[in-house]
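With chain A's structure known, arrange chain B on it following the hints.
One line per chain: the protein sequences are A and B, in this order.
Our numbering numbers the first residue of the first sequence as 19 and each following residue consecutively.
Our numbering numbers the first residue of the second sequence as 10 and each following residue consecutively.
None of these hints come from the bench; they were simulated from the model.
Possibly wrong hints are sitting among the right ones.
[What the hints assert, rightly or not] Computed cross-link-like contacts, EDC-like style, restricted to lysine to aspartate or glutamate with a CA-CA straight-line distance of at most 16 Å: (1) A:LYS50 x B:ASP150; (2) B:LYS177 x A:ASP58; (3) B:LYS145 x B:ASP135.
It should be emphasised that the depicted structure is a prediction, and the values quoted were computed from it without experimental measurement.
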Amino acid sequence: MGRCIYCGRCEEVCPTGAITLSPDFELSVMNKQDLFEQADYKLAACHRCGKYFAPVKEIEYAGALLRQSDLPEVVKTNAGALLNICPECKRKNDVSKMVNLYQENKDVAR
Amino acid sequence: MLRDSVSNLTVAEHSKYSIHEDPAAGQLKAALLKDIHRSVYVYRVDCGGCNGCEIEIFAALTPLFDVERFGIKVVSSPRHADVLVYTGSMTRSMRVPALRAYHAAPEPKICVAYGACGCSGGIFHDLYCVWGGADKFIPIDVYIPGCPPTPAATIYGFAISLGILGQKLKTSHHVQGEDEHVSLAHPQVPYLLRVQLERESRRMAGYLYGKQIADTFLTMLEENPNQVKENVQAYLDKQADPRLSEIVARLVTVYDGYQGAV
Numbered sequence: 019m020g021r022c023i024y025c026g027r028c029e030e031v032c033p034t035g036a037i038t039l040s041p042d043f044e045l046s047v048m049n050k051q052d053l054f055e056q057a058d059y060k061l062a063a064c065h066r067c068g069k070y071f072a073p074v075k076e077i078e079y080a081g082a083l084l085r086q087s088d089l090p091e092v093v094k095t096n097a098g099a100l101l102n103i104c105p106e107c108k109r110k111n112d113v114s115k116m117v118n119l120y121q122e123n124k125d126v127a128r
Numbered sequence: 010m011l012r013d014s015v016s017n018l019t020v021a022e023h024s025k026y027s028i029h030e031d032p033a034a035g036q037l038k039a040a041l042l043k044d045i046h047r048s049v050y051v052y053r054v055d056c057g058g059c060n061g062c063e064i065e066i067f068a069a070l071t072p073l074f075d076v077e078r079f080g081i082k083v084v085s086s087p088r089h090a091d092v093l094v095y096t097g098s099m100t101r102s103m104r105v106p107a108l109r110a111y112h113a114a115p116e117p118k119i120c121v122a123y124g125a126c127g128c129s130g131g132i133f134h135d136l137y138c139v140w141g142g143a144d145k146f147i148p149i150d151v152y153i154p155g156c157p158p159t160p161a162a163t164i165y166g167f168a169i170s171l172g173i174l175g176q177k178l179k180t181s182h183h184v185q186g187e188d189e190h191v192s193l194a195h196p197q198v199p200y201l202l203r204v205q206l207e208r209e210s211r212r213m214a215g216y217l218y219g220k221q222i223a224d225t226f227l228t229m230l231e232e233n234p235n236q237v238k239e240n241v242q243a244y245l246d247k248q249a250d251p252r253l254s255e256i257v258a259r260l261v262t263v264y265d266g267y268q269g270a271v
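Looking at chain A on its own, in the form it has when it is part of the complex (with noise of 0.2 Å):
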């Protein structure tokens, strides 16, 4: 909190509304360690390459966000699959897609 400029950028841009400033005013501390607060979340393993990339509560965010939109079911699978994997897993992911894709266009030109 020692660093904080009460912007309210954290505020206008926090997606559960989670942070909210306040009015109160009594902060000074005798101890600088007063200022700090810390949390611990768990990390989620990407399911491909099994490196820790995400807090396990944001995956679970974004899986119930997909669920409550009314997209259509097979967009929401195929996100949701991609759910669980690291974002450079996702780009191999893509890369080997389109080389697949090219490769079936190639055969199919021939």
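Same frame as chain A, but now just chain B:
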């Protein structure tokens, strides 16, 4: 002397020379706080801030807040000071004057780190010329965070440093529980519709009021999707606010557009 010996040191070398408070001075300070029967004199040391903190300190001196009624007086020499207020992040070129002010003030003295910059370097913490907050160089007794701290926060900080009030903030450590999940906002409303409504509302009324207005609309939508227009109209009639009516009318348009698309 001091200027010559310290001014060419790097951060790492400087930390070897950082001041540690004498235990005897600590006892004197406790006695001062207990037996003080006069005004306290405050000297401001600006170590390289934007002057926002100074403006708020002077705002605390104006008749509206008037810290002088508590006997807190701002003086113009560290020789007179009981309290040293360090504002601004500690810049390379101001660290020696800051140390000189510290040594010039008579014991017992109370040091206050004022503002986000004084506490930790603030938004300037990673600048090439900023060496951190005041606490890296000087034994700090009280931290007053804020950018800048309001006059009310300033008065509270002085009350803490004089031992009149106790501090409220405590450090906390949260560990994720077993069944801890993020709860969805308005789970009955489709996600894309919610985003569209929130965006339109924010566009019209800013993020704070926009969020409140969108939340009201979404709650009404969740309660009774079939009768939402009648309920919204009744709500608007009750509020009798043309600005609110216009914004909510736009939300209804967005809602109709979404229904039409689906």
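Consistency of the hints with the structure:
Annotation: proposed proximity of LYS50 of chain A to ASP150 of chain B holds, straight-line Cα distance about 9 Å (limit 16 Å). For the suggested pair LYS177 of chain B and ASP58 of chain A, the alpha carbons sit about 23 Å apart, so the restraint of at most 16 Å is broken. This hinted pair checks out: LYS145 of chain B and ASP135 of chain B have alpha carbons roughly 14 Å apart, not beyond 16 Å.
The earlier numbered hint that this structure contradicts is number 2, and it is the only one.
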